[in-house]
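> As given, the protein sequences belong to chains B and Y, one line each in that order.
Counting from 1, one number per residue, gives the positions in the first sequence under my numbering.
Counting from 1, one number per residue, gives the positions in the second sequence under my numbering.
Among the hints, a few may not be true.
Here are some of the chain Y residues that sit facing chain B, going by a computed Cβ distance under 8 Å [unchecked claim]:
1) Gly78
2) Asp82
3) Trp149
4) Leu151
5) Phe172
6) Asn176
7) Glu217
8) Thr261
9) Asn266
10) Leu270
11) Ser273
12) Ala292
These are computed hints drawn from the structure, not numbers from a lab.
All C-beta atoms in this analysis are idealised placements derived from N, C-alpha and C, irrespective of residue type, glycine included.
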Amino acid sequence: MKMKSFAIATGILGFLFSGTVTLAACPTKGVKELTGAGATFPYPLYSKMFAEYDKACGVRVNYQSIGSGGGIRQLQEMTVDFGASDGTMDERQKSEAKGGTVLHIPTAAGAEAIVFNLPGIQRGQLKLTPDILADIYLKKINNWNDNRIKALNPNVKLPDLTIAVVHRSDGSGTTYIFTHYLSKVSQEWKDKVGFATSVNWPGDVGGKGNEGVANSVKQIPGAIGYIELAYAKQNNMTWAQLRNKAGKYLEPSLDGAVSAADQPNLPENMEVMVTDSSNPTAYPITGFTWLLVYANQTNEAKADAVANLAWWMIHEGQQYALPLEYAPLKGAALKKAEALVKQIKINNRVVLK
Amino acid sequence: MNGKPQAVGPSVGRFFTNPPARVVHHDVHVINWGDRLFYLATRALAICVIVLVVLLALDLFRGAWEAIGQFGLKFLVGTTWDPVARQFGTLPTIIGTLVKAFIGLLLAVPISIGSAVFIAFYVPKWLRPMISYPVELLAGIPSIVFGLWGLFVMVPVIRAVQIWLKANFGWFFLFNGPAVYGVGVLAGSVILAIMIIPIITAISRDILLTVPRPQIEGMLALGATKWEAIWKVALPYARVGLFGAVILGLGRAIGETMAVTMVGGNSFDLIHSLFDPVHSMASQIASEFTEATYNLYVSSLIYVGLVLFGITMIISLCAQFLIWRLSKGRVAVFE
């Protein structure tokens, strides 16, 4: 039995060495099941990846999409083998993690669309700047015929219509990324509201989930909201162009999200929100989603399994990202994710060489 | 455990009010083990329920302890819910929950009691199931279905009504709000009304059917119209039970989560009109619990749960008191 699995493992290793991907393999230390918990945003992608991983390696991954907050708490208590989150853990959360240093391994990126409901205005016709968007959400701009919006959109017939601001009412990674973006582009937003999975909104309507926001925006004339790109696409929502840091106006797209994640100055630990990316082709409201793994593992077999799973997810697993409307890792982001997986240790010894 | 009947005597007396206790006393020399076992089993189960409630309350207290220490009773009057600044207060949601539940009740009670009267006294017996069945079917629909229906079908209608109300009666403060949102207090109340109508109707109908026929027939024989017989005899006779049915409806309205989340608008601001969006306590807990990323945040949400538990308890105590008053010491149907 042992011989057989060894043979299979070497076989796979040999196959992988011959290909473009360097090192991935199935865990060889007998672990057949892993548990993880956390973010809901990457759940469709993860469930596809884990199903494929089970087929490839015979390791079942039980992933409970209970939300980033729950994932972080369970990781802190060490009740799961890995966590998953759409936001980075802050210092206080890290200090409460019982297993020591937590690695943030990015697995994919996602973009959010700014959607609106204005009669007669088509998808991509309306242009918005970061400061206008922030002032709309701060309730400082209350009407669509505001001079600043008009000056930016000379060819669009903007109606005299009150702006109804729609936001997520449930705590979500989507809100975390969106409010983080607003905090980056507006000092006033940062001081008054800040960023989190749920914030004290200046206004108006809260919708539950992407579907709640999308539906309120569709129904309320003059409404504006933010939703995940995949959901906006599937529901034919009317979205706006947003000016990025380089000054280009871009519609939300996966290419834009890939670009945002592929920038030269990413930190080694990848605990970075890539909102408002400096890459000229980057769409600005973009964020990573991470696997959370303890750097110093206590169980050798589990450590081997988790490291191999993470490695597989950032390589072979990436092929499932685009079809499911996630932005795959590329370039610098992928290199740094690889380096992070190689930091997973058992007894101060690196698990994956 | 000597098997003498006295062993069950005094403690049984409190549980078994009348006839069964007397039966025990008649068979002084016969030990009815079956009865005794049954009594012990039911007592154990009843104690289980009480223990469960106490444990629940204790656990809520334990979970909410950090928030209680931090905010104390100011939590109940605080109007800011700000996870970023770690500042939590829940007055707007308490008000939102109660207002929506009571308006819902106000809409639901006349409809429910009216249809219960119709089913009980006007519909021929063979037709009754055909009219009752849809009502019971309505009670079995999951609340998410109500929520989706509310969001996609009802809210647009509510929006139109609100815009009309604001245009014509906007001078009245209750109608002077953001009518165009559609989601808000009114939408939440209407969906709650729709959800509690089947419960109140079904229970009220069963209670009205227990009104002794001779009482009504006597009234009719005295020359009363059917309306008078129902209004002056049947409804007063059944009032305690009907009140119990209404309280059950209120209980569901206050605890309802999913449907009201989808159409309530979920804002943390105090409401000023019928059209303002506002959160409910139960939906706030459900919405934010999964993404509550630090302990005080989680603890504050559990504190909201504790407050909700307290409100439900106060309402049910008030209801017990009212039932006691209504029945003037008579044993209430819903006790």
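> Now look at each hint and say whether the structure bears it out.
Now for the hints, and whether the structure bears them out:
The interface hint given for Y:Gly78 is violated, since its Cβ lies 12 Å from the closest Cβ of chain B, which is over the 8 Å cut-off. Restraint check, Y:Asp82 versus chain B: the minimum CB separation of about 4 Å is within 8 Å; hint holds. At about 12 Å, the closest approach between the beta carbon of Y:Trp149 and any beta carbon in chain B exceeds 8 Å, and the interface hint on this residue is violated. Because the smallest distance between the Cβ of Y:Leu151 and any Cβ of chain B comes to about 6 Å, under 8 Å, the interface hint for this residue holds.
At its closest, the beta carbon of Y:Phe172 sits 21 Å from a beta carbon of chain B; the interface hint therefore is violated under the 8 Å criterion. The beta carbon of Y:Asn176 is not positioned within 8 Å of any beta carbon in chain B (closest approach about 14 Å), and the interface hint is therefore violated. Taking 8 Å as the C-beta contact cut-off toward chain B, the hint placing Y:Glu217 at the interface is violated, the least distance being around 53 Å. Annotation: interface hint on Y:Thr261 holds; nearest CB of chain B at approximately 5 Å, less than 8 Å.
For Y:Asn266, the shortest C-beta to C-beta distance to chain B is roughly 3 Å, which falls under 8 Å, so the interface hint holds. Taken as an interface hint, Y:Leu270 does not check out: its beta carbon lies about 13 Å from the nearest beta carbon of chain B, beyond 8 Å. Violation of the interface hint for Y:Ser273 is found here, the shortest Cβ-Cβ separation to chain B being roughly 13 Å, above the 8 Å cut-off. Hint status for Y:Ala292: holds, given a least beta-carbon distance of 5 Å to chain B, under 8 Å.
Violated hints for the displayed structure, listed by number in ascending order: 1, 3, 5, 6, 7, 10 and 11.
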